[in-house]
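**Q** In case you want the letters, here they are:
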Amino acid sequence: MPNPNLPSSAHASSPPSAPAVPATPVGQQTTTSSGSVRLANAKRGEVYWVDIPKKHTVGSEQYKRRPFLIVSNNSIHYLKIVIGVPLSLQTQKTNRQFRIRVAANEIIMDQGSTLTAGERIALTEQVRCLSILRLEPDRQAKLTDTAISAVEAGLGFVMDIG
Amino acid sequence: MALAEKSLDSARERIHIRRPDVVFVRKPQAKVLPRGLASIVLTALRESDILVKQLIAATNKKDFEALRTKIFRDYVNLSFIIGNSFSVAAEEKPQLRQLVTKEAFKLVEEILHKEGIPRLGCDVIREANFCLDTLRRAHRLIVKIHAYGKAPEGTRERDRELSSLFTRTALWSQLHLDCIRVIVTAARNPRVEPDVLEDIMNGARLSVMAYSYARQGLELRKAQDTYLVESVPLDAEDEELLEESYSDYVESESINAEP
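These protein sequences, in sequence, are chains Z and S.
With the first sequence counted from 1, adding 2 to any position gets you the working numbering.
With the second sequence counted from 1, adding 488 to any position gets you the working numbering.
Hints were generated in silico from the structure; no laboratory data involved.
Treat each hint with caution, since some may be false.
Among chain Z residues calculated to face chain S with C-beta under 8 Å, some are [stated by the list, open to error]:
1) L81
2) I85
3) R98
4) Q99
5) F100
6) D147
7) T148
8) S151
9) A152
10) E154
11) A155
12) G158
13) F159
14) G164
It should be emphasised that the depicted structure is a prediction, and the values quoted were computed from it without experimental measurement.
Note that CB positions come from ideal geometry on N, CA and C, so glycine has one too.
Let the hints inform the model, and build the full structure from the sequences given.
**A** Below, the structure is given as structure tokens:
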């Protein structure tokens, strides 16, 4: 018997069906035993601010408040997690390889965005899983399809997939 | 990425093709073809190497770029001759193109690893390896695109555009990877000016764009199933994990902190 809580795509033999019970929609206010929070409605190709405290990291892992590009498939976001890649302003970073340059005109800034405009480097080696709680709720920008697919090229190399 | 694309545009090459017909092969792969076709491919590869040797002999960036603009059309035509020869043979053996491409990438990768580091150093070869690997992934996407077949109605114009962009960028990257291959395998170690080498590396980097266009072409063919992104109820374990993450996070940090 297939688990009804898994996405329908996980069951090769069963036809896709819409879920019967609505879950807490991402992008809305949700209440937990720890308080009330507004969640980001993150989708693949979008950019959000993410704050990662230093004490949550070790070694060369990135920390501080940084813009992250969401690279995960939208179909996993119901789990309230996303997979993101930090976007750096330091475009002169050496050792480019899998670090993908994203031209300024490939970044479509949202109104009221607090991102600094300009070219960015997607640090694909720093890809990580993020709870949507780590994402600040307001979207900052969106990348063009060309740019997101280019970042995917770097991710494919880093993870040796594809 | 942007710089390399500008260089490509400045070459003012406009390739009009009906579908991606790029195949990455070297001499050993030509031998799997019937004698007549193999002879055509070997001649085209030889001519192509002559063009590449002329190109790497450029003594400065300006000459390199001028020469590249001049030879690129010939390089493209030779590549189409090679691609078409394999297409003819692939009518009998559908997996042929995929197999020879796979072997050719492996061969070039081995050449870079074995000969490349002493000639060009680790950094250049690492970068070249990334470009080669990305081009290989782009070609794998083309196999998937062919398996899906035609793009749906309403997306065909975009598909043609992506196909043309893929061909341009894949061949541009291949030309520059060929430059690196010829440099590392030359009998006499050719002197390559640093600014020329920089241009070569930027050109090879267009494999990223080739991947991007191929990926978008594949995306056009995939069904956009909305049921996959609708909310799905969480099971007990998911709920527990989520609840734990809320507690841990709220206790330790202020959520959505301003800078």
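**Q** All the hints need checking, so say for each whether the structure fits it.
**A** Hint check results:
With a least beta-carbon distance of about 6 Å to chain S, the hint placing L81 of chain Z at the interface is held under the 8 Å criterion. The criterion of a C-beta within 8 Å of any C-beta in chain S is not met by I85 of chain Z, whose closest approach is roughly 15 Å, and the hint is violated. With its C-beta approaching chain S no nearer than about 7 Å, R98 of chain Z sits inside the 8 Å limit, and its interface hint holds. Contact between Q99 of chain Z and chain S, as hinted, is supported at the beta carbon level, the nearest pair being about 4 Å apart and thus within 8 Å.
A hinted interface residue such as F100 of chain Z counts as satisfied when its beta carbon comes closer than 8 Å to some beta carbon of chain S; here the least separation is about 6 Å, so the hint holds. Among the interface hints, the one on D147 of chain Z holds; its C-beta lies about 5 Å from the nearest C-beta in chain S, closer than the 8 Å criterion. Residue-level restraint check for T148 of chain Z holds (minimum Cβ-Cβ distance to chain S is 5 Å; threshold 8 Å). Given hint, S151 of chain Z at the interface with chain S, holds; its Cβ is 4 Å from that chain's nearest Cβ, closer than 8 Å.
Taking 8 Å as the C-beta cut-off, the interface hint given for A152 of chain Z holds, the closest approach to chain S being about 4 Å. Nearest Cβ of chain S to the Cβ of E154 of chain Z: about 6 Å, under the 8 Å cut. The hint holds. Hint status for A155 of chain Z: holds, given a least beta-carbon distance of 4 Å to chain S, under 8 Å. A hinted interface residue such as G158 of chain Z counts as satisfied when its beta carbon comes closer than 8 Å to some beta carbon of chain S; here the least separation is about 5 Å, so the hint holds.
At about 6 Å, the closest approach between the beta carbon of F159 of chain Z and any beta carbon in chain S falls short of 8 Å, and the interface hint on this residue holds. Given the 8 Å rule on beta carbons, the hint for G164 of chain Z holds: about 5 Å separates it from the nearest Cβ of chain S.
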